[in-house]
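Visitor: So the sequence lines, in the order shown, correspond to chains A and B. Quick note on numbering that gives the first Met the number 0: the first sequence kicks off at 0 and runs consecutively. Quick note on numbering that gives the first Met the number 0: the second sequence kicks off at 0 and runs consecutively.
Among these hints, one or two may not hold up.
Partial list, computed: chain A residues near chain B (C-beta under 7 Å) [unchecked claim]:
#, residue
1, N47
2, K68
3, N73
4, E74
5, A76
6, Q88
7, N91
8, F95
9, L104
10, Y108
No farther apart than 27 Å at their CA atoms in a straight line, the calculated lysine-lysine pairs in the DSSO-like style are these [stated by the list, open to error]:
#, chain 1, residue 1, chain 2, residue 2
11, B, K402, A, K68
12, A, K114, A, K130
13, A, K159, B, K402
14, A, K207, A, K65
15, B, K112, A, K114
16, B, K160, B, K112
17, B, K221, B, K145
18, A, K159, B, K316
Keep in mind that the hints were calculated from the coordinates and are not lab data. Positions of the beta carbon are idealized from the N, C-alpha and C atoms, including for glycine.
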Amino acid sequence: MIRLEKINKTYFGAQPLHVLKGIDLEVAEGEMVSIMGASGSGKSTLLNILGILDNYDTGEYYLNGKLVKNLSENEAADMRNRTIGFIFQSFNLIPFKTAMENVALPLYYQNVGRKKRNELALEYLERFGLKEWADHYPNELSGGQKQRVSMARALVTQPKVILADEPTGALDSKTSAEVMQILREVNQSGITMIIVTHEKGIALRTNKIIHLKDGVIENIEINNPDLIDFSKEIK
Amino acid sequence: MDFWREIFMALSRNKLRTFLTGFAISWGIFILIVLLAAGNGIMNGIGDEFSDQRTNVYMIYSGETSIPFKGHGINRSIMFNDKDIRFLETEVRNVDQVSPRIYINGFATLGDKSSSVFVSGVRPVFKGINHVELLEGRFVNEMDEKNSEKFIVIDETLRDKLFGKDTSPLGQFIIINSMAFNVVGVCEAQGRSDGGEGYVPFSTLKKITRQSRYWMLNFTVKGLETKEDNEAFTESLRTQLAGLHEFDPDDTSAVYIRSRQEEYLQTMKILHTLELFIWIIGFAMLISGIVGVSNIMRITVKERTNEIGIRKALGAKSRSILASIVTESLIITTIFGYIGMWLGMIAAEVGGNILAKVQEGKEISLNIVPSIDIRIVLMATALLIVCGVLAGFFPARNAVKIKPIEAMNYR
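Please work from the sequences and hints to get the whole structure.
Guide: This is the structure:
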């Protein structure tokens, strides 16, 4: 599903910063992987490149069999919209739109009609147990509810890949566990899942843990969440 | 449809700000329209003034030579005489009718009433040349001129003083400088003299005053359509007069030749400069409004950086974001611009009515009624659209340039 070959990325500022130094990575369809690393390790940059939110300098990135390189802004936007679903630490819901409108937004950019959009959005909200909250604005929702809305939004376009950036970073441990449970279920429905985190407890719930340090992959740890007892404190 | 919903939502989220922004634009357009309307009013008023006078009128005045010529020194004053009149009538092409003008300041009495009076001796053609409007009776005619009749046309000022407003003076005799004149007509006052004005036949006044040299001749022309025609005519007339009065044809101070058309064109030139000036002022006002809108759009975009980042991450294309911001700005400028335009037009209309009322009954009635024509409305519309797009475009361009991830992390 995802194949990275010798990806390099340098930020040219006052002091050029070589953030990614030849990343090679392969994520198969339906895998659930996590990317771990200290701040400054390049994990956010890597996620941005994977999400086509940022471009890279050299190397090659194949997403769903297509080379993602030198895309025009419109092509990138289209590919993002149709292939990738995003989940963010700060939820990134639009404050003046209701839960339903937020979920429906990606479909707006696919030119889906309003009625169809709202139907689909409601369907996804229902899946996350939020149907009664459809007409509420984000500031009327709890953190866990917000994250579930943003998950519904990520899934409504039926993407191939979900990219989650610290999805539990703003949540308490109980809610975190719930969110991770949902993500696992989503993954089990066949959607590839990549989670960036710095929390070991979160990473342990994925099948593959990629450790990033100073812009290179230090090691890849194979993990079986089913063998771990999560009833204990995970944070 | 969705596009417009999004825009409406964005605008209604901060109503006060939208209103204040719009107000700047409304105000700019309002001032522009009012200024233009006033300018138009002045233009129309003065244009009218010219149009009911005849533009095919020439005046020549006597002057003094400034170049020595054929043994004559300088500062010799050139006056006109009957020979000049005949010459103009018979020898100069394009000249139609000629009226010299001589005048006296006199004292008119009727019974125990009296008034000072400014009496001009003119030919019948003078009526048209000087735009004399008759209220009753007639103007002096060719027969009067031929027979040197002691007939007089008085203006309303003199009539009011001697006869009172409601009495017809026709057929009555008034005494001017101990000579009796029969009143044959009453005309509108032109406000040149406080005491009043009267017109008598040229030949009559000539006999009375024994003048044979005149300092001013008026005549009408025909067949001179363009500015070039008029310039050529003026040049050739000067040369011919130079031959008659022995002065250097290049001496422009010996006689002064003025045409009404020339005056008209000159006045129009001044008025067009005035109009340009008005546009510049109005435009400057408008620009401050536009800068306001642009600034507000910049702030709006800044505030919405986060949202723009989210939208981009969810697959919004730069074009759609650009379009929505530019449209927002366009809506503010056009809606509020039109409000300002309507208010400006109403103000111009009301102001025009008030001015018209004030001017009623006044002696000098320059018809300054502000007005606005459809071309200006269209022009202002185009201006608003251009401004709206420009005011929105630059902030929008900056907004879409920012990377989604940076935009989302922006606080």
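Visitor: Next step is simple, just say for each hint if it's right about the structure.
Guide: Going down the list of hints, with the structure as the test:
1. N47: 5 Å, holds
2. K68: Since the shortest Cβ distance to chain B is 17 Å, the answer is violated.
3. N73: It holds, given that the least Cβ distance between A:N73 and chain B is near 5 Å, below 7 Å.
4. E74: A:E74 check fails; min Cβ-Cβ to chain B is 10 Å, beyond 7 Å.
5. A76: 5 Å, holds
6. Q88: Result: violated, 10 Å to nearest chain B Cβ.
7. N91: 5 Å, holds
8. F95: At about 6 Å, which falls below the 7 Å cut-off, the nearest Cβ of chain B leaves the hint on A:F95 intact, so it holds.
9. L104: 6 Å, holds
10. Y108: 4 Å, holds
11. B:K402 / A:K68: Holds, because 16 Å separates the two Cα atoms, which is no more than 27 Å.
12. A:K114 / A:K130: 16 Å, holds
13. A:K159 / B:K402: Holds, at roughly 23 Å.
14. A:K207 / A:K65: 23 Å, holds
15. B:K112 / A:K114: 94 Å, violated
16. B:K160 / B:K112: 7 Å, holds
17. B:K221 / B:K145: Holds: B:K221 and B:K145 sit about 25 Å apart, inside 27 Å.
18. A:K159 / B:K316: With a Cα-Cα distance of about 20 Å, the restraint between A:K159 and B:K316 holds, given a limit of 27 Å.
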